[in-house]
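Protein chains: 2
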Amino acid sequence: MCESNRRSLPGTIARVRIYFAASIRGGRSDEHIYRELIDYLSSFGTVLTEHIAHPDDAERGLSDEEIYRRDLEWLHSADVVVAEVTTPSLGVGYELATAEHLGKSTLCLFRPQSGGSLSAMVAGAPGQTVADYVTVEDARRIVRAFLSEHERA
Amino acid sequence: MCESNRRSLPGTIARVRIYFAASIRGGRSDEHIYRELIDYLSSFGTVLTEHIAHPDDAERGLSDEEIYRRDLEWLHSADVVVAEVTTPSLGVGYELATAEHLGKSTLCLFRPQSGGSLSAMVAGAPGQTVADYVTVEDARRIVRAFLSEHERA
Numbered sequence: 375m376c377e378s379n380r381r382s383l384p385g386t387i388a389r390v391r392i393y394f395a396a397s398i399r400g401g402r403s404d405e406h407i408y409r410e411l412i413d414y415l416s417s418f419g420t421v422l423t424e425h426i427a428h429p430d431d432a433e434r435g436l437s438d439e440e441i442y443r444r445d446l447e448w449l450h451s452a453d454v455v456v457a458e459v460t461t462p463s464l465g466v467g468y469e470l471a472t473a474e475h476l477g478k479s480t481l482c483l484f485r486p487q488s489g490g491s492l493s494a495m496v497a498g499a500p501g502q503t504v505a506d507y508v509t510v511e512d513a514r515r516i517v518r519a520f521l522s523e524h525e526r527a
Numbered sequence: 375m376c377e378s379n380r381r382s383l384p385g386t387i388a389r390v391r392i393y394f395a396a397s398i399r400g401g402r403s404d405e406h407i408y409r410e411l412i413d414y415l416s417s418f419g420t421v422l423t424e425h426i427a428h429p430d431d432a433e434r435g436l437s438d439e440e441i442y443r444r445d446l447e448w449l450h451s452a453d454v455v456v457a458e459v460t461t462p463s464l465g466v467g468y469e470l471a472t473a474e475h476l477g478k479s480t481l482c483l484f485r486p487q488s489g490g491s492l493s494a495m496v497a498g499a500p501g502q503t504v505a506d507y508v509t510v511e512d513a514r515r516i517v518r519a520f521l522s523e524h525e526r527a
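Residue numbers (our numbering), protein chains in the order written: chain E, 375 to 527; chain A, 375 to 527.
Since the hints were made in silico from the structure, they are not lab data.
Hints should not be assumed to be uniformly reliable.
What the hints assert, rightly or not - No more than 20 Å apart at the CA atoms, straight line, and that leaves these computed lysine to any residue pairs for SDA-like: (1) A:LYS478 / A:ASP438; (2) E:LYS478 / A:SER416; (3) A:LYS478 / A:ALA519; (4) A:LYS478 / A:LEU436; (5) A:LYS478 / A:VAL508; (6) E:LYS478 / E:SER437; (7) E:LYS478 / E:GLU511; (8) A:LYS478 / E:SER522; (9) A:LYS478 / A:ARG434; (10) A:LYS478 / A:SER416; (11) E:LYS478 / E:PHE520; (12) A:LYS478 / E:PHE520; (13) A:LYS478 / E:GLU474; (14) E:LYS478 / A:GLY419; (15) E:LYS478 / E:LEU446.
Let's have the full structure, built from the sequences with the hints guiding it.
See below:
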C-alpha cells in the first residue's frame, strides 16, 4: 500500500519516522521480539533503526563514534521513539533521555514476566510513556494506540 | 580532615558534590566494586547517591516517581557524575544523557574483563569520558585524575 493510500483510508495512521530502541550489546535474548516489533512498526512508517533486528551485520566496520553519530541523527529526525526496555541497556537509557530532551514522544514496552524490574529512572519519569505487555500481540495493540495518539496530538 | 584543611593542602582536590551512578535493578553482581568506589569518592566530597551501596534499604517505601524526582534533583545539584557502567543499566544510561544535557562532566568506568561490551551510545559519545579499568585500584587512580582535571577546569 503506498503512502497516499494509507493516509486516505479511515482508521489508518499517517506514516511516521520511528526510532526503535532495544538492547544490542546489553543482551539479545529478546531478539525475536525485536524482529516482530520492527515488522509491525514498519507497517506504520519508516523504522530508522531496523538494523536492530540484525545489528552485527549492520554495524560491522563502524566505529563507536560512527554508530553514535548515525543514531543521534536518526533520533533527531524521528517523529516518535518506541523502545523495548525489558533487557537493561545503557544505550536505550541514553536514547530515551535524549529523546525526552529533544521533545520526542516515547513509548517504553516492558515485559514483567521476564522477572526483571524496570529502572525507576524510566518507570518514574513523567516524560516517558511506559506500558507492560505479556505477548507480542499485546505489544502491537499498545503500539497502535500510541501511534494513533501521536497522530491526533 | 575538615573541608577547610583539605582545600589548603597542596595536591588535594576541593570537595565536590558527586553523583555516583551504577546499576540497581539492572543487576548487582558488581555491588562490592560500587561500595569501594563510593568509599573512595567520599574522600573527595559528598556522594549524593551513596545509597547505591545498599539501595534496597534506602529506597524501601519510595515510589518510582519519588525515586526519579530525588535522583533528578541530585543530578541537577551535582558538580560531576561518576558512573560504573560494566553492568548494563537503563537508569545509568538515562542519567548519563541527562547529565550531558545539563552540562555536567561525566566519567564512565568500564571493566572489559567482565566479558561485556560497552554501548556505542556511551563509548562513542563525545560528551562522555570513558575509561577502562581492571582493578579497583586502577579505578581509583582514574577517578583521582578526573576530579583533579575537573578542579583545574
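Quick rundown of the hints versus the structure:
no., hint, verdict
1, A:LYS478 / A:ASP438, "24 Å, violated"
2, E:LYS478 / A:SER416, "37 Å, violated"
3, A:LYS478 / A:ALA519, "17 Å, holds"
4, A:LYS478 / A:LEU436, "27 Å, violated"
5, A:LYS478 / A:VAL508, "26 Å, violated"
6, E:LYS478 / E:SER437, "26 Å, violated"
7, E:LYS478 / E:GLU511, "25 Å, violated"
8, A:LYS478 / E:SER522, "37 Å, violated"
9, A:LYS478 / A:ARG434, "29 Å, violated"
10, A:LYS478 / A:SER416, "19 Å, holds"
11, E:LYS478 / E:PHE520, "13 Å, holds"
12, A:LYS478 / E:PHE520, "33 Å, violated"
13, A:LYS478 / E:GLU474, "18 Å, holds"
14, E:LYS478 / A:GLY419, "36 Å, violated"
15, E:LYS478 / E:LEU446, "13 Å, holds"
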